[in-house]
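Assemble the complex: chain Z is given as a structure, and chain W must be docked to it using the hints.
From first to last, the protein sequence lines are chains Z and W. Add 28 to the 1-based position in the first sequence for the working numbering, that's all there is to it. Add 28 to the 1-based position in the second sequence for the working numbering, that's all there is to it.
No lab work stands behind these hints: they were computed from the structure. A hint or two may mislead.
Just so you know, same-sequence chains aren't split out, so a pair can sit in one copy or run between any two.
Derived pair list, reagent style SDA-like, types lysine to any residue, alpha-carbon separation capped at 25 Å [stated by the list, open to error]:
{"id": "1", "residue 1": "K186", "residue 2": "N81"}
{"id": "2", "residue 1": "K260", "residue 2": "D216"}
{"id": "3", "residue 1": "K187", "residue 2": "E166"}
{"id": "4", "residue 1": "K245", "residue 2": "N81"}
{"id": "5", "residue 1": "K52", "residue 2": "E264"}
{"id": "6", "residue 1": "K260", "residue 2": "M240"}
2 protein chains.
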Amino acid sequence: MTDVLELYHAGLTTCSKKSRHCLKEKGLPYKSHFVSLGKFEHHDPAYLKLNPNGLVPTLVHNGTAIVESGVINEYLDEVFPDKPLRPTDPVARARMRVFCKMADEYALPATRIPTWTRTKQAQLKEMSQADFDKAVAETPLVDHRLKLQALKRDGFSKKEFEEAYGRMDYVFDRCEAALAAGPWLAGDMYTLADIAILPYIFAFREVRPELMPSHPKTADWFARAMARPATKATYEPSEETRPAA
Amino acid sequence: MTDVLELYHAGLTTCSKKSRHCLKEKGLPYKSHFVSLGKFEHHDPAYLKLNPNGLVPTLVHNGTAIVESGVINEYLDEVFPDKPLRPTDPVARARMRVFCKMADEYALPATRIPTWTRTKQAQLKEMSQADFDKAVAETPLVDHRLKLQALKRDGFSKKEFEEAYGRMDYVFDRCEAALAAGPWLAGDMYTLADIAILPYIFAFREVRPELMPSHPKTADWFARAMARPATKATYEPSEETRPAA
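Excised from the complex, chain Z in its bound form:
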């Protein structure tokens, strides 16, 4: 049987980049389905059948949906063991997973505060109350519903920005400490940890440009990771990330 891989994604958003990057790094061909968050296509009933959380990305492998970018990436590396992206040594693998967890639990919520303010707030403020209420009602996750409401009203609080900025410091500091051993976050091997953290360092350096020069090992790692062909193919705008209307 020929494997058929399909990825539903939102192009250059952080979690979508994680799974697109993993697929490209492993050289796995896939059918790309762009999901427009601005048009709320992630709330379409057909999409919610694949991903009841209304989040991107979703992998569909021979008809079976796999959700959550971190879970998708470990799944891909298990099912397609060529060009491995996980260390075989269990200690290095645990170290890799700590960074993957940090990306999802610690970095992603920190990214949303400035990014949603920049990319979503104007649109939400311009929406009619009826359209906005419909979008909120169709949002499966309570934390996302509350974030949309905060953005429409006053924006995120000072405390939410303080926490987001503190989390950015934390992620940079942890990368810098790990890269003292290096050359990659989990040690000798380029792994899912590098793929998971990269979109956040990419985003944080725009919000907090001072963090890069104060973390020179992380800056060097970032330059090396960004120079890889699979990274370029993932991070540069393309037909896949900005499909024709």
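Using the frame of chain Z, we list chain W on its own:
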């Protein structure tokens, strides 16, 4: 070489139960080190060398520290493959990991709002400002620092409770949906998913007793999971969870 396993944990707290439970379910003997959160022993410099986040639990395996309960449990199942707690089928394993992620990312933050209010607020309010400021300064994670400050001041906000309660609904709903296939969260096999979600259903049912009767498959799963000998040994108070002073 004989394996030496040591677990630093806080007894009956949610993440500590997760790793104690995994060790007991696999029948792995370990040396137990109780870390008193009330005495801020998780801020001791010696402990912070093992776990720079100042969180429990930490596994030490032949001298190497592994942090994060979810990472610890996958590590244990990889290094000690007897009595496996992960499915071999990659789709079932992905389903397991979605629940493990849900436990860490979605359930744990929801638990902290009512639990910290109940277990920590009185102590924090009674602390002198100098002792409190020292405890906050020694807390490695910014989100924990902000939570401690909120508790000392006014307690958590209405919005924080609303989000926590919404997350509890979500976790119950996702369990109920998965258990329609059952009998366990990832399918036929009792896995790390059941171990990861159990302490949260255990905690949520105390805060939201109405959720159990409205989720009968989850209630049945809970009764079956709680009846297992390893669960009883983990969840019942013992010398390990309440060491003599």
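Hint-by-hint comparison with the structure:
For the identical chains of this complex, K186 and N81 are inter-copy neighbours only, at 24 Å across copies versus 28 Å inside a copy, given an alpha-carbon limit of 25 Å. In the homo-oligomer, the alpha carbons of K260 and D216 lie at most 25 Å apart inside one protomer (22 Å), although the nearest pairing across protomers, at 42 Å, exceeds that limit. With identical chains, the CA atoms of K187 and E166 are at most 25 Å apart between copies only, with a shortest distance of 19 Å across copies and 27 Å within one. When the C-alpha separation of K245 and N81 is checked against a cutoff of 25 Å, the pair qualifies only between copies, where the shortest distance is 21 Å, while the shortest distance within a copy is 36 Å.
With identical chains, the CA atoms of K52 and E264 are at most 25 Å apart within one copy only, with a shortest distance of 13 Å there and 48 Å across copies. Only within a single protomer do K260 and M240 lie at most 25 Å apart by alpha-carbon distance; the minimum there is 20 Å, versus 49 Å between protomers.
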